[in-house]
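Residue numbers (my numbering), protein chains in the order written: chain B, 1 to 463; chain D, 1001 to 1463.
For the record, the hints were derived by calculation from the structure and aren't laboratory data.
Be aware that a few hints might be false.
Result set (DSS-like, lysine-lysine): computed pairs, CA atoms no more than 25 Å apart in a straight line [as the list claims (entries may be wrong)]:
#1 B/Lys368 with B/Lys346
#2 B/Lys117 with D/Lys1346
#3 D/Lys1076 with D/Lys1219
#4 B/Lys219 with D/Lys1117
#5 B/Lys329 with D/Lys1329
#6 D/Lys1153 with D/Lys1181
#7 D/Lys1368 with B/Lys323
#8 B/Lys463 with B/Lys181
#9 B/Lys323 with B/Lys5
#10 D/Lys1387 with D/Lys1153
#11 D/Lys1181 with B/Lys323
#12 D/Lys1219 with B/Lys323
#13 D/Lys1175 with B/Lys323
Computed beta-carbon distance windows for the label pairs [claimed, not checked]:
#14 D/Ala1357 with B/Ala279: 47 to 53 Å
#15 B/Arg113 with D/Pro1360: 53 to 59 Å
#16 B/Pro254 with D/Gly1371: 42 to 48 Å
Note that the Cβ used here is the ideal one computed from N, Cα and C, for glycine as well.
Number of protein chains: 2
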Amino acid sequence: MPLSKTLSDCLLHVDNALPQSVDRLLELLRIPSISTDQHYAPDCERAALWLVRTLNDLGFEAEIYPTPGHPMVVAKGGHYQEGPHLLFYGHYDVQPVDPLYLWDRPPFDPQLRDGPKGPIIFGRGASDDKGQLMTFIEALRAWIAVHGSMPCKLTLFFEGEEESGSPSLIPFMEKNAELLKADLALICDTGLFGENTPSIVTTLRGLLGEEVTIHAADKDLHSGMFGGAAINPLRVLSRIIAGLHDDTGRITLPGFYDDVPELPDAIRAQWQSLAFDHASFLGDVGLSVPAGEQDRTPLEMLWSRPTCEVNGLWGGYIGDGFKTVLPAKAHAKISFRLVGNQNPHKMRQKFRDYVTAQLPSDCTATFKPHGAGPASAMHISNPAFDKARQALSAEWGVTATFVGCGGSIPIAGYFKTYLDMDALLTGFARDDDQIHSPNEKYDLSAYRKGIRSWVRILDALTK
Amino acid sequence: MPLSKTLSDCLLHVDNALPQSVDRLLELLRIPSISTDQHYAPDCERAALWLVRTLNDLGFEAEIYPTPGHPMVVAKGGHYQEGPHLLFYGHYDVQPVDPLYLWDRPPFDPQLRDGPKGPIIFGRGASDDKGQLMTFIEALRAWIAVHGSMPCKLTLFFEGEEESGSPSLIPFMEKNAELLKADLALICDTGLFGENTPSIVTTLRGLLGEEVTIHAADKDLHSGMFGGAAINPLRVLSRIIAGLHDDTGRITLPGFYDDVPELPDAIRAQWQSLAFDHASFLGDVGLSVPAGEQDRTPLEMLWSRPTCEVNGLWGGYIGDGFKTVLPAKAHAKISFRLVGNQNPHKMRQKFRDYVTAQLPSDCTATFKPHGAGPASAMHISNPAFDKARQALSAEWGVTATFVGCGGSIPIAGYFKTYLDMDALLTGFARDDDQIHSPNEKYDLSAYRKGIRSWVRILDALTK
Chain B
1 MPLSKTLSDC LLHVDNALPQ SVDRLLELLR IPSISTDQHY APDCERAALW LVRTLNDLGF
61 EAEIYPTPGH PMVVAKGGHY QEGPHLLFYG HYDVQPVDPL YLWDRPPFDP QLRDGPKGPI
121 IFGRGASDDK GQLMTFIEAL RAWIAVHGSM PCKLTLFFEG EEESGSPSLI PFMEKNAELL
181 KADLALICDT GLFGENTPSI VTTLRGLLGE EVTIHAADKD LHSGMFGGAA INPLRVLSRI
241 IAGLHDDTGR ITLPGFYDDV PELPDAIRAQ WQSLAFDHAS FLGDVGLSVP AGEQDRTPLE
301 MLWSRPTCEV NGLWGGYIGD GFKTVLPAKA HAKISFRLVG NQNPHKMRQK FRDYVTAQLP
361 SDCTATFKPH GAGPASAMHI SNPAFDKARQ ALSAEWGVTA TFVGCGGSIP IAGYFKTYLD
421 MDALLTGFAR DDDQIHSPNE KYDLSAYRKG IRSWVRILDA LTK
Chain D
1001 MPLSKTLSDC LLHVDNALPQ SVDRLLELLR IPSISTDQHY APDCERAALW LVRTLNDLGF
1061 EAEIYPTPGH PMVVAKGGHY QEGPHLLFYG HYDVQPVDPL YLWDRPPFDP QLRDGPKGPI
1121 IFGRGASDDK GQLMTFIEAL RAWIAVHGSM PCKLTLFFEG EEESGSPSLI PFMEKNAELL
1181 KADLALICDT GLFGENTPSI VTTLRGLLGE EVTIHAADKD LHSGMFGGAA INPLRVLSRI
1241 IAGLHDDTGR ITLPGFYDDV PELPDAIRAQ WQSLAFDHAS FLGDVGLSVP AGEQDRTPLE
1301 MLWSRPTCEV NGLWGGYIGD GFKTVLPAKA HAKISFRLVG NQNPHKMRQK FRDYVTAQLP
1361 SDCTATFKPH GAGPASAMHI SNPAFDKARQ ALSAEWGVTA TFVGCGGSIP IAGYFKTYLD
1421 MDALLTGFAR DDDQIHSPNE KYDLSAYRKG IRSWVRILDA LTK
């Protein structure tokens, strides 16, 4: 089918205006909007204001909505247009950058530069999620430039706490359900499958974050004076962590797998057809052996099985040299990826019960919750999924696939729970984008084709 | 036995001159000789010069010996005297003072003031080790005042790096063996047993320090993208640490206990007679249950049994908030307290072999050594030990005890290894002296009786 004149005009406009699209992304990347560290709260606000200004310039009515944490941005446009009411979601906050010394150049001095496989946009947030959210904004910019109007009624919704557990999100959605309700949510925070296959995510794992501190003596002790007789909380914590998995890689919390469904045959067949190359997936990061439950395939480990991971562990003397201290406390940040109907709050309680039951004499544990969201499964019978799939296939020259996602994008579940709205997740990140790591990048080709993909999706959904 | 006239004269002299002895100690305490901080290097030199001047005034030939770090002081006296050649060792450097705000008054503006249990000498170094080393110098001063001569041939040896790992000590001892060799070393850097019982330390545990890093992926990973399929080095390290002890508290390294002697019956009987109150020892720091090997007494755990402790543990994200990272590396600082004939270098190898054997696929380990010294056991058959014990018992009105020490005072082992010289360790610090902490103090009563103790020991050893 030949492209309609306006669609091809729009795509041409994207290509011609790409340098300016890159410049605008670099501008946003220069703002160090690290949400987990309060030092950067003013920068989070600057990033929110940047979006408001950008969207107002495009003809939206954009506003800052303060929260107890970082502000939300909501923009409304295309009030008088026909067709579906679409909501687009993205997040303007980014991950911390430490260890800084591993970055090739300053993470907040972004640059368009050459990479081994072509030009890249380098900087913290280039891929997650500033670059991705900008694909949608730049697609709208092209659309408006060519058509002189918006494609349909639109709500754009940006948060600044995605990388720190979204503490303000649910209260905000509950309070502003009318403001946010639309026919379909679009989310751009996921990646291509392999190098070049566009994908729509149909399942997402949930996430439960928990911080535990083991308390022993009431002060740090000298290991010569007390060593042997005084309990060491680092040893206690190590045993607790070691006991969370058995030798086959299964998580040992009682009843942990009760609400974990087996993979439906249809999905299993589709995943097999993906011919996922786990050897190169792991090989790219210096690993070779899938480390999860021994009786599961690598894709199951990543997409349909729950996990328990230590994301941070610390205690005692961790500077240069040596100090013979028996510390008073030991700390861990632990997260669970959840699937199926696993209830995050029940799982939190199971974890706390397990830790408490493991404590030896003289030790106590305190807990700090860090967010909890269930797994999500999309209703792919919604025709929008097929339309988007065809639009993506046309742009990339490869049939787009429905995939699972090992990550947790709780917002997709929240849209369903709080606004009764399906979410269509697609995105253009590549596995080597180094998100959450030093030297984050977004391929220029992904940025260009991402913008063009949204132009095509908007065209397909509003035709 | 009535005191000889000259001994009672000496003791009386100590009491009469006590105010001047305190003034001299205060003068030394005013010098902020913090060895670990290069900022205070000139102050370390001032403290060394203060000792040289003080000892020369007493009739010694004292000299500064430069090292790559802080200088040594060696003083010679009593060349023509009869009897044993005694070496006295102490250290003029002190611990850092931070956090400064926890001090009741400036740490280097020392003062004789009232404490809850009597007058105290307040200030950094009052107990560790300036007050203790001054007990010996002031004892000599009294001796010389009364006798008009030194008690025997004497070498006084002071270092300024004890609180920062003594990097110059072994090279200095190797190069100056002739200068330092004597019949017996006296060391005043330990404490009373309980409130009021003088003690001579007869065993010291050795110390082995080791840092291990577990390497997994070649970069930090996102736990959503990789969690389940990628190995987590924090989990690996936790299992390794958890596996170092069995459920009864024994260390699991093969052959670890081969060179650990059982406690001789005589020592066991003596330790039982000490009526060590482990409930209050642990209770003072908020603990209640001895945490070591289940079939050992608390004193064995502290003095005669080896330990393995984690002194530091870290990896992943340890800042505020949460980061769903699967780290590339995990680190631990681990130390072993050694006893009997345990060879630190063999133990290091055992530990490394164990870690290496525990590594799953895709993980490697690197190691960094942090010092290694064997345990020491004094030859208490040397008659000097019994003479000193009687002298201490006479001064304190309580039978002095032979005790173990859970800590590691490497100099005692070095005197044996490099100079083939036994060391007699006694000292007058109390558990509440706050050494290495804010508000360090030395009881005036400990200072007085400490000086008098040395007068009696010198009398006993030279009679």
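Violating hint indices (sorted, rising): Violated hints (numbers, rising): 2, 3, 9, 11, 12, 13, 14 and 15; every other hint is consistent with the structure.
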